[in-house]
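Asks: If you read the sequences in order, they're chains P and Y.
In terms of numbering that gives the first Met the number 0, the first sequence is residues 0 to 285.
In terms of numbering that gives the first Met the number 0, the second sequence is residues 0 to 482.
A few of these clues could be false.
Distance windows between CB atoms, simulated [what the hints assert, rightly or not]:
{"id": "1", "chain 1": "P", "residue 1": "Thr-95", "chain 2": "Y", "residue 2": "Ala-394", "range": "26 to 32 Å"}
{"id": "2", "chain 1": "Y", "residue 1": "Phe-336", "chain 2": "P", "residue 2": "Asp-105", "range": "46 to 52 Å"}
{"id": "3", "chain 1": "P", "residue 1": "Gln-273", "chain 2": "Y", "residue 2": "Phe-336", "range": "48 to 54 Å"}
From the derived model, a few chain Y residues whose C-beta atoms are all more than 10 Å from chain P [what the hints assert, rightly or not]:
{"id": "4", "residue": "Leu-327"}
{"id": "5", "residue": "Met-329"}
{"id": "6", "residue": "Ser-337"}
{"id": "7", "residue": "Pro-341"}
{"id": "8", "residue": "Gln-342"}
{"id": "9", "residue": "Pro-403"}
Hints are computed from structural coordinates only; laboratory data are not their basis.
Yeah, the Cβ is synthetic: ideal placement off N, Cα and C, and Gly gets one too.
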Amino acid sequence: MCARKSHETKIEVPATLDAENAARIALAADKDLTYHGFAEGEHPIVRIEHLNKSFDQTKVLRDINLDVWPGEVVVVLGPSGSGKSTMLRCINLLETPTAGHILIDDQEITGKSNADANRLRRDVGMVFQSFNLFPHLTAKQNVMIGQTKVLKKSKAEAEAEAQRQLEAVGLADRADFKPPQLSGGQQQRVAIARAVAMHPAVLLFDEPTSALDPELVRGVLDVMRDLAKNSGMTMIVVTHEMGFAREVADRVVFMEDGVVVEQGKPDHVFDHPQNPRTAEFLGSIG
Amino acid sequence: MEFSRHTGVLGSLARALSVLCLALTLGFAFSLALAPTSAEALTTDKATARPNEDGGSGVIGGMDTRLTWEGTVEAGEEVSSITLALPEGATFDGSTTRITVLDGLTRIDVSGTAQSNGDSVTVTFDEPIGASSLVRLEITGMQFPSEGGDYSVSGTYVNADGEQTLDNSPAITVIANTPLQSIVNWLDEQEWVSAWNSNSFLGMFLKPQLLVTSFASLVPGWLLCLGIVVIAYPFALALGLLFAMLKISRHRLLRAIAVVYINILRGTPLFLQIYIMFFGLPMLGININNNLLGVIVMAVNSSAYLAEIFRAGIQSIPVGQYEAASSLGMNHVQTMFSIIIPQTVRRVIPTITSDFITSYKDTSLLSSVGVMELMMYAKNLTTVTGNITPYMAAAIFYLIVTLPLIKVVGTVEANIARSERGGGPRPKRRVASAVESTEDAPEASADGGHGEPFESGSGDVLKTLSAPFRPSTETPGGVADVR
């Protein structure tokens with residue numbers, strides 16, 4: 000750990016802004032970039048300020064600044080290796096930022112002890128590309144375990160919640176199946192139920208459909224769309240599903256080489272990309 | 000008279016003294032003279048029976064044995080006939096008697112006849128045996144009563160003065176004839192057994208009678224083996240898990256401790272470790288019961304292998320599992336105990352079972368330091384009988400435990416492999432490793448997929464059969480790889 004740090008060039012970032020000030024600046028910056036309907040005195044739920052991340056000497060994220068508003072759906076696009084997933088993993092502290100600030104609900108999560116990080120991390124749900132269900136537990140137990148172990152809910156309470164969430168993703172009848180007995184799409188839907196059952200402030204999706212057979216993608220996207228439209232969940236979605244981005248996103252963020260190249264309302268970015276790199280990428284995706 | 004008159008009191012005292020002296024002298028002379036005539040002319044020195052227990056030192060009733068009786072003819076006496084008798088149910092029928100008479104160290108040729116009659120045998124000498132001779136009668140083909148007990152040989156002898164009663168010999172302890180002995184006796188009478196044993200290989204390696212008796216004799220050793228490994232193993236599991244945790248710990252010192260412990264124990268032979276503990280501790284003045292020390296050595300040795308199995312098992316859990324747990328807000332301890340270890344346990348069950356098999360077999364090494372386990376019993380039996388059959392019986396005792404466990408390993412591996420494939424049928428001729436795949440097991444019955452016992456066939460059987468016989472460092476499933 001120590002040895003690795005010595006390789007890194009120290010990155011100086013300014014101290015984090017105070018909440019009111021940050022909210023004002025963020026609103027000014029974002030109000031034309033998203034379909035999110037701003038409320039009076041609203042604060043961003045996720046604030047990323049000057050986020051830098053290096054692996055050894057490779058800079059993966061360079062000075063990312065991004066604010067996500069409560070209930071907003073942000074879709075992050077970009078070619079492979081552009082740092083999209085790394086940014087998500089930093090928000091969840093699965094990666095430790097090299098420099099910069101990440102604030103959830105105006106609380107800084109970077110530079111905390113493990114115990115504090117675990118507590119703050121409850122507010123951030125994550126859906127992985129490879130599902131990462133716990134294979135020794137049934138679907139229902141997968142949804143329950145975070146509630147009982149972390150939120151210390153009673154078993155009955157957790158079970159009721161699990162049943163509700165599995166119903167929401169259309170898998171009530173698979174509650175007692177173990178992950179290997181479920182299809183990839185079903186597993187991913189269970190994973191979404193597991194994350195939602197924790198009632199996080201923000202839910203991160205790391206290419207949730209990339210590992211799925213094409214015919215299973217739609218079921219997962221339907222669940223995500225339902226989540227975005229009907230439950231008002233704040234979502235940051237890294238995906239290559241352009242249709243989903245165009246239809247569901249409040250804002251589209253285009254990243255390349257660890258930098259946010261362009262962001263804006265989906266139809267603006269898709270139909271009139273301002274940046275040539277964005278245009279090229281969208282063209283190549285078709 | 001004058002003297003007495005003069006001396007008065009003194010004289011009467013002297014008279015009394017002389018009378019006393021006379022009485023003492025007479026008494027001494029009398030006792031010397033009478034002693035030979037009133038004592039036995041023939042005294043029993045000893046009576047022993049030859050052990051007839053296969054591989055044991057006991058005398059079993061109802062089976063042919065050889066009774067050896069020794070007596071000494073006293074000075075000035077002659078004995079012309081000896082009758083030995085055993086009480087209730089002992090038979091001398093069909094016995095042959097060998098007579099040896101020794102005068103000092105020289106052997107005297109004696110001719111005589113022996114007549115066996117029910118529970119007594121009478122030896123009549125053509126010439127009476129002279130004084131100071133040692134008489135030895137060896138009666139082969141005699142039997143003690145089959146119910147067993149302590150028996151002494153009594154009897155009579157004839158000397159110049161006629162028939163005299165013989166002293167009872169020290170008791171001979173006879174073991175009751177068990178059903179087992181009856182089986183052996185029955186086997187002895189079977190023609191096929193004789194034919195079988197006449198083959199030098201079969202007779203040496205698989206003598207039926209000896210196999211039967213060995214089974215009975217080996218049971219205590221077998222139980223000790225099982226006891227040692229069954230008691231040692233829970234400790235080994237706990238220690239192993241502890242050292243596995245240390246080895247993957249973030250602290251360098253803890254890691255170093257685990258690495259040293261594991262590498263030294265895995266890098267030296269168990270045999271050497273046994274010697275060090277069994278001979279080293281007593282030299283330090285630490286004396287621990289042999290069996291307990293055996294448990295300790297086995298537990299410590301196994302724990303090193305188990306630590307590696309657990310370590311590899313824990314590290315085979317995909318990092319996504321840790322990430323998923325973290326993203327739910329679980330701390331490290333919750334993640335380990337709710338997510339990682341339950342999955343690890345499933346994965347390492349086959350490997351741990353194989354290690355248990357190895358440990359169970361390795362208790363045999365404890366025989367080298369005098370722990371009375373299975374191997375020790377077998378060795379003793381073979382030494383006594385000069386036959387390899389007890390080792391074969393021991394082999395069967397080892398297999399009684401190992402074969403079912405080998406079967407368990409195979410079944411569990413097959414189940415894990417099948418469930419990790421999502422419950423579908425497995426392609427032929429490909430044995431899925433229990434550990435390579437990233438997914439783990441639901442119950443095998445969930446898909447009702449018990450239908451292909453032969454499909455998972457020959458490859459698996461060979462693999463599982465060979466698995467426990469490989470060194471522990473190459474346990475199946477690839478979990479316990481050496482790093």
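Asks: For every hint, state whether the structure bears it out.
Replies: Hint-by-hint comparison with the structure:
1. Between Thr-95 (chain P) and Ala-394 (chain Y) the CB atoms are about 58 Å apart, so this pair departs from the stated range of 26 to 32 Å.
2. Between Phe-336 (chain Y) and Asp-105 (chain P) the beta carbon distance is about 34 Å. The supplied range of 46 to 52 Å is therefore violated.
3. The given range of 48 to 54 Å is respected by Gln-273 (chain P) and Phe-336 (chain Y), whose C-beta atoms sit roughly 52 Å from each other.
4. Interface exclusion of Leu-327 (chain Y) from chain P breaks down, the closest Cβ pair being 4 Å apart, not more than 10 Å.
5. Not every beta carbon of chain P lies more than 10 Å from that of Met-329 (chain Y), the smallest distance being close to 6 Å; the non-interface claim is violated.
6. Separation of Ser-337 (chain Y) from chain P is inadequate, the least Cβ-Cβ distance of about 6 Å not exceeding the 10 Å criterion.
7. Distance to chain P contradicts Pro-341 (chain Y) as a non-interface residue, since its nearest Cβ pair spans about 5 Å, not more than 10 Å.
8. In this structure Gln-342 (chain Y) is not separated from chain P by more than 10 Å, as the shortest Cβ-Cβ distance comes to only about 5 Å.
9. For Pro-403 (chain Y), the non-interface assignment is confirmed: its Cβ lies about 26 Å from the closest Cβ of chain P, beyond the 10 Å cut-off.
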